[in-house]
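*Asks:* One-letter residues, chain by chain:
Protein chains: 2
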Amino acid sequence: MEIGEIGEIDLIDKIARETKIDRTVIKGIGDDTAVLKYSNKEYLLFTTDMLLEGVHFTHLRPRGASKVRLFYNIGWKSLACSISDIAAMGGIPQYCLVSLGLPPNLELDSLKQLYSGIKTIARKFKINVVGGDTIKSRRLIINIALLGRVLKEKLVLRSGAKKGDAILVTGSLGEAILGKHLAFTPLEKFLTRSKRGIHNVGECSKYSLTGFTPRLKEAQYLVNNFKIHSMIDISDGLILDLWRILKQSGKGAKIFLEKIPISAVAKRGKNGLKKALYGGEDFELLFTASKRTAQKIAAQKLARIIGEINDRRNIIESSDGRKLRINGYRHF
Amino acid sequence: MEIGEIGEIDLIDKIARETKIDRTVIKGIGDDTAVLKYSNKEYLLFTTDMLLEGVHFTHLRPRGASKVRLFYNIGWKSLACSISDIAAMGGIPQYCLVSLGLPPNLELDSLKQLYSGIKTIARKFKINVVGGDTIKSRRLIINIALLGRVLKEKLVLRSGAKKGDAILVTGSLGEAILGKHLAFTPLEKFLTRSKRGIHNVGECSKYSLTGFTPRLKEAQYLVNNFKIHSMIDISDGLILDLWRILKQSGKGAKIFLEKIPISAVAKRGKNGLKKALYGGEDFELLFTASKRTAQKIAAQKLARIIGEINDRRNIIESSDGRKLRINGYRHF
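Residue numbers (the numbering used here), protein chains in the order written: chain A, 1 to 332; chain B, 333 to 664.
Accuracy of the hints is not assured; some may be wrong.
[Claimed, not checked] DEER-style ranges, computed between Cβ atoms:
| id | chain 1 | residue 1 | chain 2 | residue 2 | range |
| --- | --- | --- | --- | --- | --- |
| 1 | B | 483 | A | 322 | 54 to 62 Å |
| 2 | B | 484 | A | 317 | 51 to 59 Å |
| 3 | A | 258 | B | 373 | 26 to 34 Å |
| 4 | A | 264 | B | 659 | 52 to 60 Å |
| 5 | A | 152 | B | 355 | 20 to 28 Å |
| 6 | A | 313 | B | 483 | 45 to 53 Å |
| 7 | B | 355 | A | 23 | 30 to 38 Å |
For the record, the hints were derived by calculation from the structure and aren't laboratory data.
Yeah, the Cβ is synthetic: ideal placement off N, Cα and C, and Gly gets one too.
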């Protein structure tokens, strides 16, 4: 049997399940980030993300200045994804290794811009880029390994959601899928260029080269000022990432659909709510806390209450009791 | 300009040079492994390796049992390379993240064997596999991120070679390039299968799927019992890896060609010495120590003295004063 036929990412997860040798592993596979013993006060956080041309971005090769920003954005995004993972655990990223598979026909300027994107976000978030590996590849590959730390009492896992918790989300959703987060490459320009023969634009706009800013500051403020029970960053859509919290916590959820913060841009188009629920790549924080805490957070306009945790294991329903379809980005 | 035209890996290294934010980075780019502040007694070691189908191995798709061992070996090798890096710093590997790019037509059995290879070597070296990332890819990609630690006084860098040091090497060289390290897939079988239409065998035997055992035990014995000045694992050939020590140390070397330990298998064929000098993938330890220390090490048959460090910056010469060509594996 070929793995493409299985269609269940769970099976692959099962094969890949951790090999835990000792008790210094606090949390291995299950959250995106491993939690490791460090000092009396802190844990180490260890995460990795692989991005591949044609899946997470499309290796556009137009001539001219716009391309430069594209590679800058690819570099920025590749590290931003991992920062977002560590932020959602309540942690602070510190050290980064960058593995690159580079096509020999990649332009030197593009490579420089790729590194520029990586280094700019690294500096912004005070991350040391300490090395990596560079190999030749037909398609562009970027793998980031990121190491951070978290105060033991600030660690937030996916598995901590409690019955009766409010579900909250920062910012607004549904925009990234439209490519509107292409901070340095507005969608309009992007589409114009696409008419001049750039391949695979659909894919590129779906998994958009978001120049997004990981919610590290916001996550730190939350864990430093409130008791957060569970948290995740929305990489694959609100519903799918909420389901991950539910699965790890053994819980269910009721969602107040009318409370979902749909971005202005997504609202203007068709299916705004759908984009906000299933769009992905928003990289906002999705988290749960007691109702009392949630009300304080909402009062400070740090996040919006969009639902409630219950006991109906792995089920997500709307206020009127309709079950919501759980799907989104799948690897296979 | 395209990066394939540059032909100088140094330029890429320059672009990729570290972004060091704070003083907790003891050693960033330069050695294969970053050295980071950890506790009063220890440093963290942080390294990554990317392996790609068609470059580091060939994704063979024959039917039958032999294939299983091939994927087992790919898994084993991918982690072995990183363990070897940490061993050569005097460190002990502890935590590993595995990123995989998987072709949808990869057989489930092959994937299981790939993980089996990774897990077997992980258990053997007491490494916790704590997570990773899995994406769809046209070609098989494996990225390993490995975290370890080292006692501060045992840390060995490439940059520590001193004038007058003896140069030593463990084991024997020149075998890996012949594919003889394919512990589970003897070369004969491998070549027989190749005649039945497996592509790219030359490449596969060059960058062989060595079932090699990283010299962790040996490295630990060396750093625990002797003062080692500089060390590297031979991944790209004795000469190229020696040159890396010289470059980082600002030194030169004289090599006693008659003392190079050529493996019995390499000796039997043509150009045994050449294979031993330039072959690569032997993953033996190449290191320097004072002459007095070196003699003790040699007397215990832990390694052989094969040369001497001098002041002739970046130059490697033989005993009769001939300059040795410095080349080997290049990424581009």
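*Asks:* Each of the hints needs a verdict: does it hold here or not?
*Replies:* Hints, verified against the model:
Against the hinted window of 54 to 62 Å, the Cβ-Cβ separation of residue 483 of chain B and residue 322 of chain A comes to about 60 Å, which satisfies the hint. At about 56 Å, the beta-carbon gap between residue 484 of chain B and residue 317 of chain A stays in the expected band of 51 to 59 Å. Checked against the hint of 26 to 34 Å, the C-beta distance between residue 258 of chain A and residue 373 of chain B comes to roughly 57 Å, which is inconsistent with it. Look at residue 264 of chain A against residue 659 of chain B: about 58 Å separates their beta carbons, and that is inside 52 to 60 Å.
For residue 152 of chain A paired with residue 355 of chain B, a C-beta distance near 24 Å keeps the hint of 20 to 28 Å intact. Range check, residue 313 of chain A to residue 483 of chain B: about 47 Å between beta-carbon atoms, so the 45 to 53 Å window is met. A hinted range of 30 to 38 Å holds for the C-beta pair residue 355 of chain B and residue 23 of chain A, which are about 31 Å apart.
The structure fails hint 3 only (numbered hints given earlier).
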